[in-house]
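Peer 1: All chains, full assembly: derive it from the sequences and hints.
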Amino acid sequence: MSREMARSVKLLATLPLNILLNAILIIPFAIMIYLAFLKWSPAMGIDWWEAAFVGVANFVRALGDARFVNALTNTVIYTVSTVSIEFLLGLLLAYLMLGEFTGKKAVLSLIIYPLMLPPVIVASVFYLMFQPYGPVNNVFLRAVLGDDALRITWFLNPRLAFTALIIADIWQWTPFIFLILYSALSAVPRRLVEAAQVLGASSFTIFWRIRLPLIKPLIIVAVVLRALEAFKMFDYAYLMTGGGPGVSTETISLYIYRVSVLYTDISYAAAMSLVVLVMLALVIRLFIWYFFERVR
Amino acid sequence: MTCCSDNVDKSDPAPEGQSSRQNSVDKARRTFLIALGTAAVGIGVGYALGYLTKPAEIIRETVERTVTVTRTVTVTPTPTPAPTPIPGLSGAASRAIAGVRDLLNKGVIAPGTTIRILHVAGSRANLEKAIELWSKYVPEVRVELITLGTEPDVYTKAMSEAVTKTGAFDAVTIFSTWLGDIVEAGLARPLDEFYARYDPEYVGPCAPIEPLGSYVTIYKGRRHSLALDSDVFTLSYRKDLLTSETYRKEFEAQYRKPLKVPDTWEELIDMARFFTELRLTAPSGGRVWGAYFYLEPAFAAYITWFNIFVEAGGIPFDLETMDPKVESPEGRYAFDIILRMKPYMPPEAISAAWADLYDKFVKGETVFTAAWPSLTKEAMRPTSAVRGNVGTALMPGVEVEVGGRRIVNKAAPNPVNWVGIVSNYSAHPEVAYLFLQFATAPDTGLDMVLTGVILDLFRACWFTDPRYRAKSAEGYGEEFLDAYMRSIEISYPDILIRGGTEYLSKLTTEVNNVAAGLKDPERALSDISAEWDSITKKYGRDAQLEAWRALAQLFPENVKSVWRAKGYMK
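As they're listed, the protein sequences go chains W and E. Position one of the first sequence corresponds to residue 1 (my numbering), numbered consecutively onward. Position one of the second sequence corresponds to residue 1 (my numbering), numbered consecutively onward.
These are calculated hints, taken from the structure and not from any lab test. All clues given are correct.
List time: in silico DSS-like cross-link candidates among lysine-lysine, alpha-carbon distance up to 25 Å:
#: 1; chain 1: W; residue 1: Lys39; chain 2: E; residue 2: Lys165
#: 2; chain 1: E; residue 1: Lys538; chain 2: W; residue 2: Lys39
#: 3; chain 1: E; residue 1: Lys363; chain 2: E; residue 2: Lys260
#: 4; chain 1: E; residue 1: Lys249; chain 2: E; residue 2: Lys239
#: 5; chain 1: E; residue 1: Lys157; chain 2: W; residue 2: Lys232
#: 6; chain 1: E; residue 1: Lys239; chain 2: E; residue 2: Lys257
#: 7; chain 1: W; residue 1: Lys39; chain 2: E; residue 2: Lys220
#: 8; chain 1: E; residue 1: Lys325; chain 2: E; residue 2: Lys570
#: 9; chain 1: E; residue 1: Lys157; chain 2: W; residue 2: Lys39
#: 10; chain 1: W; residue 1: Lys39; chain 2: E; residue 2: Lys537
Peer 2: Spelled out as structure tokens, the structure:
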């Protein structure tokens, strides 16, 4: 088979996939980019291709929109807090689970259990748990603070409401980081650990100098995947706080949802989504470069 | 410590490893730069494409054409066909069945035709009842329900359908607040022709109660929906506590005035404070709070603020300029009442979903509250702790001065109001309309309303005609029926113009902000004003002004007279 022929066969073979990818990924994405430069809402009574072209007005509006900035700030704080805590807890759990003990399989299953629940269920359960007479106040905090605990209204105080969201996220998603790190730590060659032990290295040194550097690629995968998910958080805010009190726990997904679905301001929502996409891509790229590719 | 690192490095052939790492860094950088470049080119192409394909002249032409279409559609009413009597049915229901039979006989639709109704889960039992009744008369035409979980889901699906035009459903039950958006988006079919042909009884003793019947179905002068519901708020209270001799004496001694159904918000605050400070325990074991009015962030907080604002004589928009008029003494007063009432409300009023108000009242945990009629229906159920002890009255009012006279101005919110629209993209719009007419007819509609939760009484004869009233009273109680009729007379519509959902949603957010102590009222009012103005600009000031002027006429007479006295209306 000539080289030309082989090339044609390859092209033909990949053509259906190319068409599919173009249809389901690239075309909608291109439409979204186009929409971001229009002034269009379905309620305007015109089709999107008939809408007025407004250039970068939607992007300028986003940057000057206090609610957008607030939602973005909330999301960044949320992502950094949840991912950091989940990483530390996941790593600790993974390290502890490296040893052998009776009932290890059962404990493993228990740790992974929250991952199997739909976030909607988790949000509903945590919403009930954080009610003034819910178990968090009535059982845990009452033991420490007495009856004063029943006066704590988690969803009325912006900080407490935010904390409740973070706790729900940590409960559900720490197992995700744990799973990746546990499998990574389990795969570290024993001979390296044993060699270090022979040379007199402490457990901490072995962990810090051998295990951790070796699992760095997987740490990055876990953190990046988790950060991307946390950044898109919608369920907990929608169900537990509704973004409130006020807009103090409104995340970027919730705000974009409101703008596009409730206010039907599709063009503006598209512009905000693009701003977020570019920012996120840059941050993740920088993160990978700093921890993974930087030439030391 | 360095030993271990060295060991690790030595196990990996360094030069090779370094060079491969360097290569991968270079490749990654190249990929990154290519991706960045592609994104930039993509944005540039999108920008250029839009610029080239949409010059300003064409856009103006499109807008002009749309306006023309809106204004020149003519209605040609076909005479109502002489209906074949349908045993057991009369009036609108009979005409609906006769109409669908006629379509079947003429071969316009085939036996086995199915129509699909998109609706929210809360109305499933109501609509299932209507389908059950319909199937008795026209089993050949099936009705399927497409049930969605929450109210915003319906709005999303409806607006998506307006864009994609799939014809996946024939009719949709929507909030009347959405009507402006949904008509403008092209989804709701004008129904004047069907109204004229089949007469759904919107005139006469059994018509939907006015002005409600008009403002939930008419948009820009044309009928676009059929009423399925009425949602006027009434004040509900724990009659057992309010009529208790002990509490009457205690209250009178403490406040030097009688304990009675409050006429104004000021009176209600005193009573709410009194009962809250008693620290009573409800049958559920929970604490009894004096009041519970909506202040929650997701949807309903605007209802409370807007009610006090309207009663105080506030007008949301200027009738000459469409400028927001919320930064006004009436706006400040509404926040003042809310903040003074807040200590006597359960904290959940600011954070919980709307159904929490129902839960607390039915458990006996609140003394005064206001909600949709279905609250009374729930409180009448055998499981309710307050069954038999619920009083209903008009919403508390605000004292205002009209023509040198102090009067208590009362108005009742009418938020939501489910209505049925027929999709412009339906293959069987006439059948869909006929089903809605059948479901909401005097004979059949009452059964539909009484079976299920979220749809409530909306026809006058269900309150007044003895044939229907006894049945209505079984579901709601006699006292409620009287108070509700009077409430409807003073009811006012939501902001039923294009962008209505957005105006009210922004208001809800700010009311919740103030109630939660995150913003001071002045700043919130200024922010509402700015947000509303930007929504008005988005849809076009002139078009919005025209719609608002038409809507303002539908506010009750007592409210309009205060507006006139204040110079807000000519």
